[in-house]
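Could you put the whole structure together from the sequences, leaning on the hints where they help?
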Amino acid sequence: MKLAAIDIGSNAIRLQLVKVYDESDLVSFKKLEFLRFPLRLGQDVFSAGSISDPVIDKFVKLMMTFKLFIELYEVQDYYAVATSAMREANNTLEVNQRILSETGLKINVITGETEAQILNKAIIPYLHEGNYVHIDVGGGSTELNLITREQLIHSQSFKVGSVRQLSPEKRSEVFSDIEKYIRSSQFYRSGNVIGIGTGGNINRLYSLANKANNRTLSLAELKALRAYVNEFTYEQRMSILKMNPDRADVIIPASEIYIKVLKTMKSDQILVPQVGLKDGLVYELYERTALKKLNKIEYLG
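Letter by letter, the sequence shown follows residues 6 to 306 of this note's numbering.
In short, the hints are calculated from the structure, not lab data.
Possibly wrong hints are sitting among the right ones.
Derived DMTMM-like pairs (lysine to aspartate or glutamate); straight-line CA-CA distance at most 25 Å [what the hints assert, rightly or not]:
| no. | residue 1 | residue 2 |
| --- | --- | --- |
| 1 | K268 | E134 |
| 2 | K297 | D82 |
| 3 | K175 | E93 |
| 4 | K228 | D273 |
| 5 | K298 | E93 |
Now the structure itself:
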């Protein structure tokens, strides 16, 4: 079985194609193709309220390209979802209708709660007993998910992200809301909470740490990485640190969100499994297509 996941974010759009090997209890996913294009829908939406015509034209061309890959790989089914930018754009319906008409691909605009549930599927294989705060920083929103014993207990979406430009006052207000949410949770009172970070920025920070595959960063290491990156100009981050342009300009504000949540939760480490919404989409689609729940997962890369 071959499946495709399309993640339409605020900072970039991704396509992941996988082949599924279903052998009794163990289900393995082999990545066939991964494409990421930095189409920043959030730049339009968060400043003007809608997606501009030139960006819509690019969006349609990109989805045509994705449709071609889906056909070439003879994929059995696909799942395309859009998150923060498309949730807020006042011309989302028009954009979706044009893409459906010209490419045949249907886009599902999902809520923050649904996004959290799908993300949870991606990180469950990396969890053990204990309490976790899952921090997913996207371009337009940050999802906080409280997890215990591998179960999602509560989730909340906040309108702060790496692309969304907020005034210092508004950013401070959102950070205050995050702090109130955390302090009101039973997790805050119980202590001993482990952070889990997903999103392109935390993945890039982790890769800069050059750690030997243990998938964790201490809060001190994360702060040091933020300070290290901040020493470089935007151009130097691209030329010396080899960051993509759409990563170089957002990695600092994104890192501040992870640090804020960890400090407030009194968590001194963060697990970085280097998975994301696209992986959760694949798992969700498999369960729908195969009509059974995933118990044991192996990702073959």
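We went through each hint and held it up to the structure:
1. K268 / E134: holds (22 Å)
2. K297 / D82: Within the cut-off at roughly 16 Å; holds.
3. K175 / E93: Roughly 18 Å separates the two Cα atoms, so the pair holds.
4. K228 / D273: holds (11 Å)
5. K298 / E93: violated (32 Å)
In this structure, only the earlier hint numbered 5 is contradicted, and the remaining ones agree with it.
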